[in-house]
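A.B. asks: Chains as they are written, first to last, in the numbering used here: chain A, 1 to 249; chain B, 1001 to 1423.
No lab work stands behind these hints: they were computed from the structure. Do not take every clue at face value.
DSBU-like, lysine-lysine: derived pairs with alpha carbons at most 35 Å apart [stated by the list, open to error]:
#, chain 1, residue 1, chain 2, residue 2
1, A, 143, A, 229
2, A, 143, B, 1419
3, A, 18, B, 1417
4, A, 143, B, 1417
5, A, 18, B, 1419
6, B, 1419, A, 245
7, A, 131, B, 1019
8, A, 214, A, 143
9, B, 1418, A, 143
10, A, 214, B, 1419
11, A, 71, B, 1419
12, A, 143, A, 71
13, A, 131, A, 214
14, A, 173, A, 143
15, A, 233, A, 75
16, B, 1019, A, 71
17, B, 1019, A, 112
18, A, 214, A, 181
19, B, 1418, A, 18
Calculated Cβ distances over 12 Å to all of chain A for the following chain B residues [as the list claims (entries may be wrong)]:
#, residue
20, 1007
21, 1129
22, 1253
23, 1392
Just some of the chain A residues that point at chain B, by a computed CB distance under 7 Å [what the hints assert, rightly or not]:
#, residue
24, 78
25, 89
26, 102
27, 105
28, 242
Just so you know, even glycine gets a beta-carbon here, dropped at the ideal spot from N, CA and C.
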Amino acid sequence: MRTAIEINRLCKTYRGSKTPAVDQLTLTVPEGAVFGLLGPNGAGKTTTIHILCGLRSFDSGEISIAGYSPKRRWKDIRRRIGFVPQDIALYPSLTAYENLQVFGGLMGLRGKLLKNRINELLHLFGLEHGKHRLIEHYSGGMKRRINLIAGLLHRPEILFLDEPTAGVDVQTKNLMLDNLKTINREGHTIIYTSHYMEEAETLCTQIALIDGGKTICTGTPSGLIAQTKGCDKLEDVYLQLTGKKLRDE
Amino acid sequence: MNGLRWLIYKDGLLLLRDKAGLCMMFLMPMLLALIMTYLQDSTFNAIHETRIPLLLLNADKDSLGMAIERQIGASGIFSVATGIDGQPAERDALIKAVGRGDFMMGIIIPENATNHIRKNVKRYVAGAFSGKNISLKSDSVQVEIFIDPVTKNSFRSTLISTLREYAVRTESDFLFREITAEVNKHSPLPAPDIRLARNKVILKEQYAMPDKAKTIPNSTQHNIPAWGMFAVFFIAVSLSGNLIRERGDGSFTRLRTMPCPYYLYMSAKVIIYSLVCLLQLAAIFLMGLFLFPLLGLPALTIGNGWLSLLGVGLCSALAAIGYGTIIGQIASSHQQAAVFASVSVVIMAAIGGIWIPVFVMPLPMQWLSACSPLNWGLEGFYDILIRGGNWRALLPECAASSAFFILCAIAAVVYDKKKRIDI
Ligand SMILES: Nc1ncnc2c1ncn2[C@@H]1O[C@H](COP(=O)(O)OP(=O)(O)O)[C@@H](O)[C@H]1O
Ligand SMILES: [Mg+2]
């Protein structure tokens, strides 16, 4: 199986910080996987995703994305990836439709293709009504869905999702997860961070549990549950491996 | 290019949805231009052409009287009346009118004044040539001057010396003429007219000011380009806010993960905001051209300087965009950027001669004003509107503005890389 992403001993320490945010992280994400990057707050998930999307520089290690090493190939990489940030990243004073037009247009979609793709996704996520309303008048769950759609428009080979379901109700969450499964079946690799273990258990084909910027364990959800004594849910594995201490991050 | 199109579309929409921002960028400077032109109109007139009202009773009607009347009129300092309410006045009426303050000065040139001088001179010259000793004081002429006590000393002495100069000139004219006539009587060769030898000492006046400051515009010629420049730089508030909001709402981060390099992202803003600047300038200049004359203010005249105006406008727009970008990069909150941008633009405007024109500033401030990017644009507009300069004259200002833009752009890119990617 080909790999979508290779991370080899990646290190990143933010300037002015003593402890590394990502510490010798090594991961392999096979093509076609739904890869869960799981860990408590402050584990280094967002930092890792940001490095993979070219938003942050890193100190050492190697990464390769869609077969490209990002040294001088960000241009090629950017066409192949989709990024759904942890915080809503939309223009509040533009309508949902205008937001998607701009982001889709920038990804190279044009004319009818762009229009059809936007309408298709809006329909898929139950947002075709009210697409001409300003984002600032949307509810949190609706914004989350548009935020997700904005990363999907150009059918990216690799989709990065940073806590895409944070703060949405159960109905919206189920809809989003169902759609993500469909999208994955169409051949898109998904890297997904979360600290909702239930969600990860149903969605992910592979997971890596990280804490303190380091990998703690990797495997399939069922494999990890079977490996760890006295656990019958991913959440138990998670608590056993990361401890019950509160995280301030 | 498709990407740039979408970025322009996005920035255009963001701008159009920001109604308050648009008001600030268009209505405020237009109002300021109107109000300031109104307020300063009389001040500028005072600098230009306030004349001292002067009442002249010229009973002489001969060389001296005529010469004084002509010269006082031509000096440009006085507005000369020869009667009160169109009626010829008497001595008493003149004294009353000056006392009331209707006139700042009154002058009475007595009847036959020229004749007296002429006679005196004749007598003197004839006496001199015949070898007799004659005192000149025999029959002097008295020109009376009445002065409103509030008249400034400088005007008073200007008037007195003007009068004295013309009395002396008239007298010496007669003197020369008489001498020439006498000499011609005694000599076989005609003597040249000695009067031609006059005015060999030329007084050259110069202003001790930075070279450019000495052209003095009228209220419209100052305020239209001045508030135009202010409007152009005020976009820094909107632009820096736009940049910060875009970073804050995460959309900038999303753009970064797309095939949208920073230069493309900034190009869209440069295009949109340049357009805004040109529209602002157009609105304000059109107001000066068409609205001001209707309101009784001096109309703006541009002649055929349209293309130069466009050039200066664009360069200034670039400088303003550079300034807004750097504030938007460095400020950490929308509020901080808005306060800093607006306050700094007002200060740069004050230094740059927007509020109070450079030519009335004290000398050190005149030099300092050349450091304000608003001044570069304003001087460029002055070059076109009042100095009639061609594109060569605009080169220094346009170069300064463009260089400022380039510096700001480089600083913004470096800052962005250092503070947001390599952190
Ligand atoms: N911009 C930043 N500057 C300094 N430290 C940061 C920055 N962003 C994150 N960190 C630190 O890096 C660590 C990892 O953060 P993050 O990647 O956001 O974790 P997660 O997404 O897993 O919650 C945390 O300790 C956090 O405090
Ligand atoms: Mg995070």
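A.B. asks: Now tell me, hint by hint, if it's right for this structure.
C.D. replies: A quick look at each hint next to the structure:
Our distance criterion of 35 Å between C-alpha atoms is broken by residue 143 (chain A) and residue 229 (chain A), whose separation comes to about 40 Å. Under the criterion of a C-alpha separation no larger than 35 Å, the hint pairing residue 143 (chain A) with residue 1419 (chain B) is consistent with the structure, at around 28 Å. Straight-line distance between C-alpha atoms of residue 18 (chain A) and residue 1417 (chain B) comes to about 22 Å, which keeps the hinted pair within the 35 Å bound. Our distance criterion of 35 Å between C-alpha atoms is met by residue 143 (chain A) and residue 1417 (chain B), whose separation comes to about 29 Å.
At roughly 18 Å between alpha-carbon atoms, residue 18 (chain A) and residue 1419 (chain B) fall within 35 Å of each other, so this suggested pair holds. About 33 Å separates the Cα atoms of residue 1419 (chain B) and residue 245 (chain A), which keeps this hinted pair within 35 Å; it holds. For the hint pairing residue 131 (chain A) with residue 1019 (chain B), the CA-to-CA distance comes to about 22 Å; that is within 35 Å, so the pair holds. Restraint check for residue 214 (chain A) and residue 143 (chain A): the C-alpha separation of about 32 Å stays at or below 35 Å, so the hint holds.
About 31 Å separates the Cα atoms of residue 1418 (chain B) and residue 143 (chain A), which keeps this hinted pair within 35 Å; it holds. Of the pairs offered as hints, the one joining residue 214 (chain A) and residue 1419 (chain B) holds, with about 25 Å between alpha carbons and a cut-off of 35 Å not exceeded. The straight-line distance between the Cα atoms of residue 71 (chain A) and residue 1419 (chain B) is roughly 20 Å, inside the 35 Å bound, and the hint therefore holds. Between residue 143 (chain A) and residue 71 (chain A) the CA atoms are separated by roughly 34 Å; this keeps the pair inside 35 Å, and the hint holds.
At roughly 42 Å between alpha-carbon atoms, residue 131 (chain A) and residue 214 (chain A) are farther apart than 35 Å, so this suggested pair is violated. Under the criterion of a C-alpha separation no larger than 35 Å, the hint pairing residue 173 (chain A) with residue 143 (chain A) is consistent with the structure, at around 13 Å. Taking the CA atoms of residue 233 (chain A) and residue 75 (chain A), the gap is about 41 Å. The hint is violated against a cut of 35 Å. The suggested pairing of residue 1019 (chain B) with residue 71 (chain A) is violated, with an alpha-carbon distance near 43 Å, which exceeds 35 Å.
A threshold of 35 Å between alpha carbons decides the hint, and for residue 1019 (chain B) with residue 112 (chain A) the separation of about 31 Å falls inside it, so the pair holds. The suggested pairing of residue 214 (chain A) with residue 181 (chain A) holds, with an alpha-carbon distance near 28 Å, which does not exceed 35 Å. Between residue 1418 (chain B) and residue 18 (chain A), the direct Cα distance comes to roughly 19 Å. Compliance with the 35 Å bound is thereby established for this hinted pair. Once the 12 Å rule is applied to beta carbons, residue 1007 (chain B) is inconsistent with being away from chain A; the minimum gap is 7 Å.
At the 12 Å boundary, the C-beta of residue 1129 (chain B) stays outside the reach of chain A, the nearest C-beta of that chain being 99 Å off. Under the 12 Å C-beta cut-off, the non-interface status given to residue 1253 (chain B) relative to chain A is violated; the minimum distance is some 6 Å. Once the 12 Å rule is applied to beta carbons, residue 1392 (chain B) is consistent with being away from chain A; the minimum gap is 42 Å. With a least beta-carbon distance of about 5 Å to chain B, the hint placing residue 78 (chain A) at the interface is held under the 7 Å criterion.
Below 7 Å, beta-carbon pairs count as interface contacts, and residue 89 (chain A) has one with chain B at about 3 Å; its hint therefore holds. Because the closest C-beta pair between residue 102 (chain A) and chain B is about 5 Å apart, less than 7 Å, the hint holds. For the restraint placing residue 105 (chain A) at the interface with chain B, the shortest Cβ-Cβ distance is roughly 4 Å, inside the 7 Å limit, so the hint holds. For residue 242 (chain A), the interface hint is violated, the least distance from its beta-carbon to any beta-carbon of chain B being 26 Å, above 7 Å.
Of the numbered hints given earlier, the model fails hints 1, 13, 15, 16, 20, 22 and 28; all others are met.
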